[in-house]
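These are the residues of each chain, in order.
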Amino acid sequence: MTPYGSFTFFIIIAILLTPTIILGLMGKRFHTYNMVVTILALCLIFSSTHRQALALIIFTVWQVILIKVYIAYRKKANSTVVFYLAVIASILPLAVSKLLPYIVTTNLVGFLGISYLTFKGTQIVMETRDGLIKQDLPLHRLLYFILFFPTISSGPIDRYRRFDKDMDTEISGEQYKHFLYQGINKIFLGFLYKYIIGYAINHYFIAELGYITHSHFQMNLYYMYGYSMYLFFDFAGYSNFAIGVSYLMGIKSPENFNKPFISRNIKDFWNRWHITLSFWFRDYVFMRFVFTVTKKKWIKNRNVTSNLGYIVLFLLMGLWHGLEIQYILYGAYQAFLMVAYNTFERFNKKHKWWPQNKFTHVLSVIITFHFVCFGFYIFSGYFIKGV
Amino acid sequence: MDFKQEVINLLVEICQDDVVKENPDIDLFESGLLDSFGTVELLVQVEDRFGITVPITEFDRDTWNTPNNIAMQLADRK
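Protein sequences appear in the order of chains A and B. Position in the first sequence (first residue = 1) + 88 = my numbering. Position in the second sequence (first residue = 1) + 1 = my numbering.
None of these hints come from the bench; they were simulated from the model. Mixed in with the good hints, there may be bad ones.
Residues on chain A that point at chain B, a partial pick, calculated with CB under 10 Å [stated by the list, open to error]:
| no. | residue |
| --- | --- |
| 1 | I153 |
| 2 | K156 |
| 3 | Q211 |
| 4 | E343 |
| 5 | F345 |
| 6 | F377 |
| 7 | T382 |
| 8 | N389 |
| 9 | R390 |
| 10 | K437 |
| 11 | H439 |
Keeping only pairs whose Cα atoms sit at most 16 Å apart, straight-line, the calculated EDC-like set for lysine to aspartate or glutamate is [to be verified]:
| no. | chain 1 | residue 1 | chain 2 | residue 2 |
| --- | --- | --- | --- | --- |
| 12 | A | K383 | B | D49 |
| 13 | A | K383 | B | E48 |
| 14 | A | K438 | B | D19 |
| 15 | A | K156 | A | E215 |
| 16 | A | K355 | B | D36 |
| 17 | A | K384 | B | E48 |
| 18 | A | K282 | A | D322 |
| 19 | A | K437 | B | D3 |
| 20 | B | K79 | B | E7 |
| 21 | A | K355 | A | E433 |
| 22 | A | K116 | A | D256 |
| 23 | A | K116 | A | D254 |
| 24 | B | K79 | B | E31 |
| 25 | A | K384 | B | D49 |
| 26 | B | K5 | B | E31 |
| 27 | A | K222 | B | E59 |
| 28 | A | K355 | B | E14 |
| 29 | B | K79 | B | D3 |
| 30 | A | K186 | A | E412 |
| 31 | A | K116 | A | E262 |
| 32 | A | K340 | A | E258 |
| 33 | A | K253 | B | D61 |
| 34 | A | K163 | A | D252 |
| 35 | A | K385 | B | E23 |
| 36 | A | K440 | B | D18 |
| 37 | A | K437 | B | D19 |
| 38 | A | K437 | B | E14 |
| 39 | B | K22 | B | E7 |
| 40 | A | K437 | B | D18 |
This structure is a prediction, so every number in the text was calculated from the model and none was measured. For every residue, glycine included, the Cβ atom is placed at its ideal position computed from N, Cα and C.
Using the sequences and the accompanying hints, generate a full structural model.
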């Protein structure tokens, strides 16, 4: 059963979470019960495909052993080679699942959410290397973090130390009322975004483009804007469901969107769009890359270093979406925008060519919006094959 | 020169703006003075000059947001 895909799913989750809500309102601890709910919900989600369920189990065992072994190793030693090997091992299942369909017909490794769960495992390995995770992690918490059902299919991508802190926070009955209120509010916002606005755009606009438009160019242009809006409302709607259900369970999953279409520039956009993904790449790819290059003095020029960092980040992000040509092109396009904006920003800091006032702010938002929409047009695949 | 002043001088170099010195409570990220690239430069310099190692993942923008806060966080790790 697809998470948040049908009313049946919502009704079953509501029934499963009724004891959670009662316990919460009474100010009692409910995480043990919530772990049971997670197991039941996972059975529900993966019951229709046993192959995926098996792949999920093998993946989880692999990640847990890797994390446990690496933490134990890190207490004694800290070799860079071992660290890189651990990172590769943690990404391996995802890489195999993306490559396998090109070699054989049945994908035995992939399952719903593998792209998102991989981030959680890799992140723990990295924070262990940095010395931020020092002690062995309790197995039930580690499993709960990786398999937390509200965010299993498409994020938001949480971080272990943040999640762990939420688990330890005592929530009084009075405080839980706020969790409940915010949770329900987000879930209903999700309905509005995904099943009313997103659905309407897709059904009454995108599907009708053949009747609305009069030329090939016009059709592609309308599709570009329609698809951009649909993508936002569909994904932000899903994220609201995931975050809302997390809140009901006493976990404040991080936000994924912050009004992305009012971004002033492309850098601002990546602080507002799919936030947990872009912050993951920022913290674990871009900053680490720039740090190593600067520290080892491989490249003297600061601009070259930061631009190279953006190229690495966005090409990787493109590949992460999939190995299809449109995703790689999307990554390259975003890398180009970041490098171009970075160059402009440095130029402008020196020459003060673009003044800051209300007018230029509005203009910046409009320009950024169009560049962003064109990016989604590439992402949709229709840039290559046409609508 | 005291430690806090040294940190603020370093931030002036990295942000290339004297406002850091004039208003040490300014939010460096909201004002656009510091971005992820500047943050990395800061961490590299902090390691080289003060011998304090701060892992990138430790640098949380909510607590390391102003010159004063950064100086305070670093003083704790000396």
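Okay, the hints, checked on the actual structure:
1. I153: violated (23 Å)
2. K156: At 20 Å from the nearest chain B Cβ, A:K156 fails the 10 Å test, so the hint is violated.
3. Q211: holds (8 Å)
4. E343: Result: violated, 14 Å to nearest chain B Cβ.
5. F345: violated (18 Å)
6. F377: holds (9 Å)
7. T382: holds (5 Å)
8. N389: A:N389 check fails; min Cβ-Cβ to chain B is 13 Å, beyond 10 Å.
9. R390: holds (8 Å)
10. K437: holds (7 Å)
11. H439: violated (14 Å)
12. A:K383 / B:D49: holds (9 Å)
13. A:K383 / B:E48: holds (9 Å)
14. A:K438 / B:D19: Judged against 16 Å, a Cα distance of about 15 Å means the pair holds.
15. A:K156 / A:E215: Roughly 13 Å separates the two Cα atoms, so the pair holds.
16. A:K355 / B:D36: With Cα atoms ~10 Å apart, A:K355 and B:D36 stay inside 16 Å; holds.
17. A:K384 / B:E48: holds (13 Å)
18. A:K282 / A:D322: holds (4 Å)
19. A:K437 / B:D3: Violated. A:K437 to B:D3 sits at ~30 Å, over the 16 Å cutoff.
20. B:K79 / B:E7: Satisfied, since the Cα-Cα distance of roughly 13 Å is no more than 16 Å.
21. A:K355 / A:E433: With Cα atoms ~10 Å apart, A:K355 and A:E433 stay inside 16 Å; holds.
22. A:K116 / A:D256: holds (13 Å)
23. A:K116 / A:D254: holds (15 Å)
24. B:K79 / B:E31: violated (27 Å)
25. A:K384 / B:D49: holds (12 Å)
26. B:K5 / B:E31: violated (22 Å)
27. A:K222 / B:E59: Answer holds: A:K222 to B:E59 is near 13 Å, not above 16 Å.
28. A:K355 / B:E14: violated (22 Å)
29. B:K79 / B:D3: Answer holds: B:K79 to B:D3 is near 13 Å, not above 16 Å.
30. A:K186 / A:E412: holds (10 Å)
31. A:K116 / A:E262: holds (11 Å)
32. A:K340 / A:E258: holds (13 Å)
33. A:K253 / B:D61: Status holds; Cα separation ~15 Å.
34. A:K163 / A:D252: violated (20 Å)
35. A:K385 / B:E23: violated (32 Å)
36. A:K440 / B:D18: Judged against 16 Å, a Cα distance of about 14 Å means the pair holds.
37. A:K437 / B:D19: Answer holds: A:K437 to B:D19 is near 14 Å, not above 16 Å.
38. A:K437 / B:E14: Cα-Cα ~15 Å, so holds.
39. B:K22 / B:E7: holds (11 Å)
40. A:K437 / B:D18: Holds, at about 10 Å.
Hint check: violations occur at hints 1, 2, 4, 5, 8, 11, 19, 24, 26, 28, 34, 35; the rest are consistent with the structure.
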